[in-house]
Structure formats: structure tokens, C-alpha cells
Amino acid sequence: MWTLLKAEAILSFAQFRRYFFNSLLSLGIMVLFFYGLFYGIALFVNAPLEGSSLSSLVLGFVVWTFTLGILHGIAQDIQTEATRGTLEQLALGRYRLEAILLVRSAFTVVVSLLMALIIVVALQAITGVRLHFNLAGLPALLILALGVAGLSLALGALALYFKDVSMLFTIIQFGFLPYILAAENAFAGQALLPLAPALHLTFRSFVNGEPVTGSMATAALLNSLVLFAFGLGLFRWVYGVVRRKGNLSMY
Amino acid sequence: MPDYRVLIAANIVKNFGEKRALDGVSLELPRGQVVGLLGPNGAGKTTLIKIILGLLLADAGRVYLRTQNGEAPVAPGRIGVVMEGSRNYYANIPVITNAVYFAALKGVAAREAAERFRRWALRFGLEEEVLEQPLATFSRGMQQKAALAISLLHDPDFVILDEPTLGLDPESRLELEKIIHGLAEEGKGTLIASHDLGFIQRTADRVVFIRAGKVILDDATAQLIRRYEKPWYLVRTASDLQEMPPGWRESGQWRQRDERTLLFTGGWQELRQYICAEPELEVVAVQKETASLEDIFMEIQEEAGNVDAP
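The listed protein sequences correspond, in order, to chains B and L. FYI, the numbering for the first sequence is 1 to 251, going by this note's numbering. FYI, the numbering for the second sequence is 1 to 310, going by this note's numbering.
Just so you know, the hints here were simulated from the structure itself, not pulled from any lab data. Hints are not guaranteed to be accurate.
What the hints assert, rightly or not - Pairs of lysine to any residue, SDA-like flavour, derived with a Cα cap of 20 Å:
(1) K6/B <-> K214/L
(2) K214/L <-> G246/B
(3) K19/L <-> V241/B
(4) K245/B <-> R111/L
Claimed, not checked - Over the 12 Å line for every Cβ pair with chain B, so calculated as not near, a few chain L residues:
(5) V6
(6) T47
(7) L126
(8) V283
Just so it is clear, the structure is predicted and the values come from calculations on it, not from any experiment. Beta carbons are placed, not taken as given, at the ideal position from N, Cα and C, and that holds for glycine.
When you get a sec, could you build the whole thing from the sequences and use the hints?
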């Protein structure tokens, strides 16, 4: 597995270096996007954003970047690989296809988090507000990542079968931000919604410093586990279907 | 004791909806041999290859290894593959990065993969300075060599090449022939699916013809050529021939290849009789021609077509 991790790092770096300008540009666009969001919300509530509400907004934005990173790492990559014609070569290795995609998404997440960190630093400089995050919330983020990976595998399964699901990506990309932000305050009755308890837990742990324990943590873990098991099961089933149909790489 | 292994596809059946793509196809690929897989478009060559690789699941039949100790499952990671076209690897990043990445997927460490790739690249005539360039900047021949080199980095026992000569110039094709002979000498079993019959004739120890999802012939190349060899003669005339002498075409032994060349199938004495009976015909040369794989392929196609006809 170490060989695979190293290989994905080499590939990620090669792709990043090849499209360096675009990577920098996307970073700038993310800062601008958040800046617009920040002032848009302040204008809407007719009050300056500060303190915990600003921390929540920034965390929401970081979590959004994080989840999209995983989604792109698995679901969209399948589409891209199928278009390039390299998906079959990936499937010919000694590792399961989903393992390769999960490792790849981990690197996308690392890159996304690094970019989010740069964005946070840039935002602090722009808004002049100091943010305080409690790093004790990292386990909550891992629980969230597990659930998002499951969702990504499910979307990846759809991409394997239907080949082009870019419209679905677009909907998720924009629908996810309000979903993430809404999950901060509402938890009761939402434990069954995908990712909702993990998102709620992440906010409470990072912003309020609450420990990742108790019924909320159990609900979040169960929710993410179910989502991951569903995603993995669906992916393996669809992988079998496309191998029977013979359209693994037919874009 | 030699490590005797044979890759076997046995009684493979594959349907795509109502259409039967493969109908009980069997194929054996021993180590150290080159097997040519021939057939017209849509015969089922690529389908069979994908089933051998596990990219496609068969409806019936199985793929396994026969070893000295009995049967063993085929790990796709033990096979080197170059699929049809130039879409095997990432065209936008350096070829050496592709090599390291795809070798890692087969379990080869980065440093080892880079070293092995340099060795293969050198052997295939790819210079050191091009290894840092993206694959997209390579010519078709260089891409094919690079793809083949990458497919060999995990030291596979078997190599499968789907249409390896597609888009290659004659010089690159000749180089590829040498490489394939070299692989066989190293003990690798190589399966080549191709329409390039001349290439297959020069490289393959054995040929398997597939037509409409069925194996219609499986034989050693040399034996096949001997078996199908007929006393064919090329008869060249001094001037353009508007039409053949009376009775020649009807005999079924004569065919006109071009304005000044006739093809005769039959014995030498018989040919002499035909020519002597036509003093008007100014023959300048008679040359014996052996059967090529292309001739055999066309003949088999015709025979199979006749069999299939209602």
C-alpha cells in the first residue's frame, strides 16, 4: 500500500506541476468566492460577521472544499479516466480499483486542505478577524471523511455506469454548501440524513471545542459507516455489471 | 527444472444481449511463444483479450494457468498489456512518471521502476533526454515503444498486445518485431491481436484465427504455411493482357493479378502445357510463389464464408 501511496503522490505532484497556473488560479477564485460569500451574508443579515458565526462560515467553507476534494478524487476521476481511456489500465493493477480511487482522493483532500489553509490565511488578512479552531475536532473530520468517501463511491458507481454525470456533480457542488452550513444548527431529527450528524459534530467540535463523544458521535459514526458500506457495495456491484456488459472504459 | 506455465482460456462464451460474441473459444499461450490472434473486424479478438485480462466477465468458460504443480488462477498483475491505440497512459505528463506510476500499481517501487524503465527504454532506442517529456510529444512509434516498456516493468510472464503495429511506419514495425522476438527468447509468452498479417507471419510461432466468435483454425505458423502451400506460379507477360486465353479462367486455376501478371495454381507440367498451347502469349518470366499468411487468411475466410452460407 505504501508503494501505491507514493505513486499517487508522484502522480498528483506531476499533474499539479503540469497545470500550475490553473491550480494557482483556482486558489484565487476560491478566495474571491469566499470573499463574495462573506460580504453577501453580512449584507443579507445586515450585520458584520464576527466571532463564532465567522468561524462557522469559514469552517463551513473549509468543510465544503474538503468534501468536494473527496468527491472529485473518486467520482469525477472515474469520468476523466474513462474519457482518457486509462481506466482499464488502472483496473489491471494488483490493487482494487476503489482502493486506488480512495488513495487518490486522500491526496486530493490533502491538496484541498492545503489550499483551504492558504485561503483561511488570506481571509484572515482580508477580514482582519482572528479565527480560533479547536483541533480536538479532527476525529469528527475523519468520521465526516468516511461518510463523504462512501457518497463519492456511490457517485463513482453512477459515473462508471452512466459515464457522464457532470450535471449531478454541479448540483452537488452548489447544493452542498447550504447543506453543510444548515447542518451546524439543526441536528435533532436529522440523524438519518446523509452526513448531517458528522457535519454537525464537526462544527460543534471545531468551533465550540466540544469533545467527540456521546450519542452524537455514535450517530455520526454509524451514519458515516452506513454511507461508506452503501457506497462501497454499490461501487463493487456496478463494477461487476460494467465488466459483464463490457463498457468499463467506453465513454 | 524449467518453470513451465501456460496461460489458458478454455471454452469462453460471451454474449452481448442477443449477440454471441464468443462461442466456446479456447486458446493456449505457453511461455516463450508468440501467438498471433487473427480475425476480421468484430470477430471477437479484443473481447477475448479483455476476458483474459479480467476486464470483461465471461458468461461461461474460464481463464487459468497450467503449471507444473497443477492449475492456478491468473493474476492480471502478472500480465503486461498494451491496449489498442495511444490511450494507455497519461499523455500530459512525462513518460518516466507514467512508468513509475503504472509500475507502482503492479507493486514495483518507484526507484526500481525508474531504473527498469531506463533499461527498457535504452533497449528500445528511446533516448534518455526524451524520458522527461510528456508522452503526447512522442511519435506514434515512440509511444508504442514506451507503452511496451511500461507494460514490462513488473516483469510479467505474459504480454498481450492489441494491434501493436497500428500507425507504425515500416522501420518501427521492424524494430517491434525484433523486440517481440527478444521477449520470446526471454521466456515471455506473447499474444498479439493484429490485422497486420505480414507482421504476425514474421513474429508468431502459432496463429489462431477467430471468425464470428469461433476459433476456425489454430496451428503453428510454419506448419500452416506448409499445409496451405500450393504450387502457385506468377506468370509475367511482355505486354498488357486484355483478357485471358479461352478456357483459362473457366479452369479455376488462373487468376489475373494485374495487366501483366497472372497467378496459376497447379503443377509445373500443367503450367507448361497451358503456356505452350498459347504461342501468341509472350511469357517473360515464371516465378514460384509461396503462400503468405494473407493468402491463407483470405482462403480461410472464403471457406468459412461458404460454410456459413445457407
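The hints, checked one at a time:
Annotation: proposed proximity of K6/B to K214/L is violated, straight-line Cα distance about 44 Å (limit 20 Å). Between K214/L and G246/B the CA atoms are separated by roughly 19 Å; this keeps the pair inside 20 Å, and the hint holds. Of the pairs offered as hints, the one joining K19/L and V241/B holds, with about 18 Å between alpha carbons and a cut-off of 20 Å not exceeded. With a C-alpha separation of about 38 Å, the suggested pairing of K245/B with R111/L is violated against the 20 Å cut-off.
The claim that V6/L is not at the interface with chain B holds, since no C-beta of that chain comes within 12 Å of its own (minimum 21 Å). Under the 12 Å C-beta cut-off, the non-interface status given to T47/L relative to chain B is violated; the minimum distance is some 7 Å. With a closest Cβ-Cβ approach of about 19 Å to chain B, L126/L is found to remain outside the 12 Å limit, as its non-interface label requires. Residue placement check: V283/L keeps its beta carbon more than 12 Å from all beta carbons of chain B (closest about 54 Å).
When held up to the earlier numbered hints, the structure conflicts with 1, 4, 6 and fits the remainder.
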